[in-house]
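Take the sequences, apply the hints, and build the full model.
The listed protein sequences derive, respectively, from chains S and G.
Using the working numbering, the first residue of the first sequence is number 1, and each one after it goes up by one.
Using the working numbering, the first residue of the second sequence is number 1001, and each one after it goes up by one.
Bear in mind the hints are in silico, worked out from the structure with no lab data behind them.
There's no promise every hint is true.
[To be verified] Computed, partial: chain G to chain S, Cβ under 7 Å:
#1 Thr-1015
#2 Ser-1031
#3 Asn-1034
#4 Ala-1048
#5 Ala-1063
#6 Pro-1067
#7 Leu-1068
#8 Glu-1094
#9 Pro-1157
#10 His-1232
#11 Thr-1235
#12 Ser-1237
#13 Val-1238
#14 Lys-1342
Since the structure is predicted, the reported quantities are computational estimates derived from the model, not experimental observations.
Just so you know, even glycine gets a beta-carbon here, dropped at the ideal spot from N, CA and C.
Okay, here's what each chain looks like letter by letter:
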Amino acid sequence: MFGAPWICRRCMNTYLKPGRRRLIRFASNESHGSFSPVLLARARDMASEHDRLTDQTAESFDAKIQKRIGELKRVTEALREWEASQNAIQELHALLRDPTTDEELRELASEDMASTRTELDLLSQNLAASLTPKHPFEDMPCLMEIRPGAGGGEAAIFASDLLRMYKTYCARKNFRLSIMKYETSDGDNGPGGEPPLSEAILEIESPGAYGQLRSEAGVHRVQRVPATETKGRTHTSAVSVLVLPSLPATGSDGMSMSETDLNDPESDYYVNPTDVRVDVMRARGAGGQHVNTTDSAVRLTHVPTNTVVSMQESRSQHKNREKAWQVLRSRLAQARREAREDEVMKLRRGVMGVAKMGRENKVRTYNWGQQRVTDHRSGLSVYNLDDVMDGGYELDKVIDSVKTWMGEQEMQMLLAEEEEANAAPKKK
Amino acid sequence: MPRIPHKILAQARKTSPLLPLVLRGARTIESASNELRWLRQHVKELHAPFPEKYLLNLCQRRARGEPLQYIIGTQPFGDLDIKCRPGVLIPRSETEAYTIYLARILNEGFLDDQFNLESTADLEVTSSSSPLRIVDMCTGTGCISLLLYSLLSQRFPGLSVTGCDISNHALRLAQENLIHNLGNRKCQDWASTVNFNKLDLFDELSSSQIHNLKCDVLISNPPYISEYSFSHETTRSVRNWEPKLALVPAAKRASSVAPEDIFYERLLSLHRDFLQSKILLMEVGDDAQAIRVAEMVINHKTSRTHDLVEIWRDWPEGISEASNNLKLMVGGHHILVRGSGKLRSVFVRSQLQ
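Given below as structure tokens:
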């Protein structure tokens, strides 16, 4: 279980206390040598369905069938490659065992074997990845909300640091970024003289942004000596980051979502206008030509879920209203998806030991004293804090490690689901 | 105008030394913070040589009550950016709301039968007896004309919009706004146009003028503030900085209606007798005026047309609150009231019987 041959008593007492379980990852880095038979069976089913459908469409064209074929294609191709590689290994094995082969051939065979083995590992990972269903919001652009949590002024300063970090990161990755909302609150000004941040919403318009930045959602914890501190004590503060899928305002290129989805009551994206209360600044007195105020703040309240979105960024009330609707739709879609995921997870009893990406869970710690950034999900610790805060390659490393971890979690869930599905009919 | 409490001024000074200046113009801390943010953005965009000094200058101007739209020079109106200048009325957000709503109902085909239009499957108007014509009276900056053009030109090829105003100054600004907003747009249909003409609404119209102004939709945001209301109900920044010509109707000749309603009387007669427009939309100042105007429409019925009268509130697409009436009783008729907010505009739809 631990991989170490021997643990001293002191370590045993410190690290194996019940409260310290988070250092254990519940995920291994090693690849699956042999592929799970359950998943293999599923992959074979999908491949046969794909072939069947392709034959069908050879005669008649049907858009829905084509869509399904597109979905199954990934799995089918991955399966073919994997099977080819598997066969190659069988052949090489046979070659090695056969006593009549000569030395040269044997050497070549064993070399080939090693490379084919590694190829097989890669392909089986590929196959597993293709089997896990893609997150429905994966290709969408996203909205990122940054809010300071516990820690007062220091949390607000760190929130603006995180904002800068994401700005440079997105610039480096060529994601189009715009600041949709930057709200400051009253309070002591930060070291640069700017008022403290109370809420910031970034809009990242490039497709695929949600998939890339999904791992950033959660509570980021910082441990450092605040700029406002006189005595030099280290304080711990938190900033919460939410990543929401950004639903395009009007149908844009590359989106499979259409107008019908927006109006379909069953879809995640539907928001009933009668459920939403619109609060606009009202002029006292007569209004119209009598006043020329610049109040353009709009606040939307979704009454059933009590979600409130307020927007006063632009001078035009019309634009603020549009942006507010966009944010409201994203938040509701995300909330609905999370609610559904919750339900599904409750049905899978106890596979997921580690908690999901919720707002309450600390996902990352930034420690200035040790110049260290640790992500608690993948367990990776990076010691170049300055590079991370500049949105550099170290941040890339952290994000990639979390993505791999999330992929593995999903694979495990899939496995458990398959096994349960197979076990259930047998019980009956 | 109530004095700003010292506590609020002190709170403003804590955030920034410029905020109390803007606060004197904006009157509440929330809107003052927003305005300061926009002023900062404006100065940054201009790349002024001494930005801090320039920003201070702008804040001092705001402190004296000068409207933010005159300082920055523009006001967003729908998706357009309307230039503003002292001497021309600033576009209001209520005007924006009903203009967008009118464009929406025209685009969604609710009024197609009015114009004998046929729409194809994609809701694009293909055949009609003649292209859609819109006339916007008292156009000022030209905001209503330009917004309607930008929203309707796709569905109504050959659309022509004419904006009229009595002031040369306003017409020059409207022309600038035309170039600024629609100048680089490739006209899909060379026949669709936007024109601005000088016109005194109360002059006798010559027959050629009548011919040129014949239209399907007559829309207007006329001066509607009474002298009393001007002295007591307008805010200081409107009273001291915006042109009175655009706000209070100048007493022309003796008429049977109240002095602030004379524009409505004239617009109604143009709609009915001269221009034969099918839709008339006029902005009004308050509830009482809305009812008076609706009465005017109902009482002066002609036998030729059948009129449908509606009153729209500040946000015609909003959901009306429980306390607001959905129908008003005016002159023995029920009138539908749309949306939420105060009564803001009167909509008349005339059909030839």
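Status of the hints after comparison with the structure:
The criterion of a C-beta within 7 Å of any C-beta in chain S is met by Thr-1015/G, whose closest approach is roughly 6 Å, and the hint holds. Interface hint at Ser-1031/G: satisfied, since its Cβ lies 5 Å from the closest Cβ of chain S, which is below the 7 Å cut-off. About 6 Å separates the beta-carbon of Asn-1034/G from the nearest beta-carbon of chain S, less than 7 Å, and the hint is met. With a least beta-carbon distance of about 20 Å to chain S, the hint placing Ala-1048/G at the interface is violated under the 7 Å criterion.
Taking 7 Å as the C-beta contact cut-off toward chain S, the hint placing Ala-1063/G at the interface is violated, the least distance being around 15 Å. For Pro-1067/G, the shortest C-beta to C-beta distance to chain S is roughly 5 Å, which falls under 7 Å, so the interface hint holds. Checking Leu-1068/G against chain S by beta carbon gives a least distance of about 5 Å; that is within 7 Å, so the hint holds. Annotation: interface hint on Glu-1094/G holds; nearest CB of chain S at approximately 5 Å, less than 7 Å.
Because the smallest distance between the Cβ of Pro-1157/G and any Cβ of chain S comes to about 21 Å, over 7 Å, the interface hint for this residue is violated. Checking His-1232/G against chain S: minimum C-beta separation of about 9 Å lies over 7 Å; hint violated. At about 5 Å, the closest approach between the beta carbon of Thr-1235/G and any beta carbon in chain S falls short of 7 Å, and the interface hint on this residue holds. With a cut of 7 Å, the hint placing Ser-1237/G at the interface with chain S holds, because the nearest CB-to-CB distance is about 6 Å.
At about 5 Å, the closest approach between the beta carbon of Val-1238/G and any beta carbon in chain S falls short of 7 Å, and the interface hint on this residue holds. The criterion of a C-beta within 7 Å of any C-beta in chain S is met by Lys-1342/G, whose closest approach is roughly 6 Å, and the hint holds.
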